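Number of protein chains: 2
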Amino acid sequence: MLVEGDRPLRSDAAKNRERLLRAAGQVFEAQGLEASVADVARAAGVGMGTLYRRFPSKDALIDALVTGVLEATVAMAEEAAEQPDGLGLEKFLAASASYEAEHVGCLPKVWCNDHELIHVARRLIARLLADAKVHHRVREDLTTTDITLAKWSIRGVLETAGGTNPQIWQRHLDLLIAGMRPAGDKLPHRPVSQAQVDRIRYSSQADPCVS
Amino acid sequence: MLVEGDRPLRSDAAKNRERLLRAAGQVFEAQGLEASVADVARAAGVGMGTLYRRFPSKDALIDALVTGVLEATVAMAEEAAEQPDGLGLEKFLAASASYEAEHVGCLPKVWCNDHELIHVARRLIARLLADAKVHHRVREDLTTTDITLAKWSIRGVLETAGGTNPQIWQRHLDLLIAGMRPAGDKLPHRPVSQAQVDRIRYSSQADPCVS
DNA sequence: TCGTAAACGGAGTGAAAACTCCGTATTGTC
DNA sequence: GACAATACGGAGTTTTCACTCCGTTTACGA
Chain P
1 MLVEGDRPLR SDAAKNRERL LRAAGQVFEA QGLEASVADV ARAAGVGMGT LYRRFPSKDA
61 LIDALVTGVL EATVAMAEEA AEQPDGLGLE KFLAASASYE AEHVGCLPKV WCNDHELIHV
121 ARRLIARLLA DAKVHHRVRE DLTTTDITLA KWSIRGVLET AGGTNPQIWQ RHLDLLIAGM
181 RPAGDKLPHR PVSQAQVDRI RYSSQADPCV S
Chain S
1 MLVEGDRPLR SDAAKNRERL LRAAGQVFEA QGLEASVADV ARAAGVGMGT LYRRFPSKDA
61 LIDALVTGVL EATVAMAEEA AEQPDGLGLE KFLAASASYE AEHVGCLPKV WCNDHELIHV
121 ARRLIARLLA DAKVHHRVRE DLTTTDITLA KWSIRGVLET AGGTNPQIWQ RHLDLLIAGM
181 RPAGDKLPHR PVSQAQVDRI RYSSQADPCV S
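First to last, the sequence lines map onto chains P and S.
For the first sequence, my numbering begins at 1 and goes up steadily by one.
For the second sequence, my numbering begins at 1 and goes up steadily by one.
Be careful, since some hints might not be right.
Note: identical chains are not told apart, hence a pair may lie in one copy or across any two.
As the list claims (entries may be wrong) - Pairs of lysine-lysine, DSS-like flavour, derived with a Cα cap of 30 Å:
#1 58 x 15
#2 58 x 133
#3 133 x 186
Keep in mind the hints are simulated off the structure, nothing from the lab.
In this text the structure is predicted, and so the values were computed from the model without any measurement.
With these hints in hand, go ahead and build the complete structure from the sequences.
Pasting the structure below:
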């Protein structure tokens with residue numbers, strides 16, 4: 001998944017790599033993704049050379065953070081799948097929102113579509129949704145793309161509010177889940193097709209989001 | 001509201017000002033706010049000097065766009081207030097989402113809290129919400145901060161998906177409104193206080209959002 | 001039509017930030 | 001303990017981009 005393909009890292013290099021990732025998360029959360037790499041290096045207590053030896057570009061550094069979030073997301077989806085009674089979907093949404101709240105820094109780059117792990121997560125979410133329907137936890141006309149939109153929306157709340165305050169995303173998730181509950185009427189508009197979602201490349205950045 | 005305090009603009013200057021605003025909207029939508037001002041000037045067909053004579057900084061240009069969106073938002077809220085039967089809130093949410101979808105470029109800077117017009121809009125929204133409650137269109141435990149979160153969430157969807165496709169935000173708004181509908185149970189978590197919302201300064205940019 | 005105040009274009013400037021280079025230091029193996 | 005191989009720091013390079021300056025042009029009242 002990461003750039004290092006060959007032999008294991010020397011111990012100091014491995015330690016600095018972790019430091020850099022941790023520092024990058026903090027700096028990007030505090031200043032946004034336009035924070036300078038020099039700031040990240042300083043926060044990590046290493047030199048620029050070290051940063052660039054480990055991550056060939058700023059984009060690669062961000063991508064490593066994104067990959068971490070996505071791996072955690074997939075893990076949470078797998079764990080939620082073991083929840084009985086069709087409550088896995090809700091559990092997953094809460095768990096991943098909570099995790100994202102702690103990693104706000106790289107969120108703008110997380111839910112673009114280029115990343116392999118996103119497709120893995122999406123398949124798992126589809127199963128969670130199906131299970132929730134079997135147990136009549138959610139309305140019949142709910143689709144996986146609705147869940148995708150819900151995740152984008154939580155990201156919007158987290159990015160605006162910062163990840164500090166759990167109340168904020170919890171209350172918003174309450175509202176979303178209330179909207180997902182079974183109801184007599186269908187949602188007024190047609191669901192968004194998966195193809196439409198796939199076509200989106202996250203336009204608010206000019207460059208493709210994974211380096 | 002705008003920087004020009006004195007005499008009216010000469011005709012060519014006024015024309016170029018409009019061109020610049022239109023071009024800025026398009027360029028920022030296509031490339032994000034980190035697009036260069038040179039690109040904006042080129043798209044508008046004017047020189048750098050003209051841009052900077054009209055808008056003293058890039059931030060001021062963005063702020064002019066933001067002000068336009070907020071003025072439209074206030075106008076839409078006022079219009080929605082005339083809707084009978086407590087449907088004004090839903091009408092407003094749909095109208096403002098539709099408008100924002102056409103002005104995705106500057107959205108990242110719109111819903112920070114520093115702008116005077118935001119408070120105006122918020123007061124209008126509070127009245128729309130109260131009216132919706134009187135007519136039992138929404139649940140009793142819904143608060144104005146919930147609407148604020150809903151607007152942030154729509155912004156998240158629009159920013160990710162781009163403003164091009166109305167289906168996307170409509171379907172998401174369907175879900176939100178379904179969650180707002182009257183129900184037997186209360187939402188699990190406590191509502192977010194207005195003070196908490198006011199404390200947020202939109203952290204994903206380091207600088208304060210209005211120049 | 002003429003004069004002037006206002007506006008125009010766009011090359012030039014300075015700062016900021018991504019990325020490189022290389023002399024020095026550290027790790028881990030024989 | 002010595003010696004490669006690997007990693008380290010941080011000053012220097014290059015590029016990008018916001019912003020300025022000034023000679024030329026345009027609008028518009030008299």
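Structure-based check of all given hints:
| no. | hint | verdict |
| --- | --- | --- |
| 1 | 58 x 15 | within (19 Å within a copy, 41 Å between copies) |
| 2 | 58 x 133 | neither (42 Å within a copy, 50 Å between copies) |
| 3 | 133 x 186 | both (14 Å within a copy, 22 Å between copies) |
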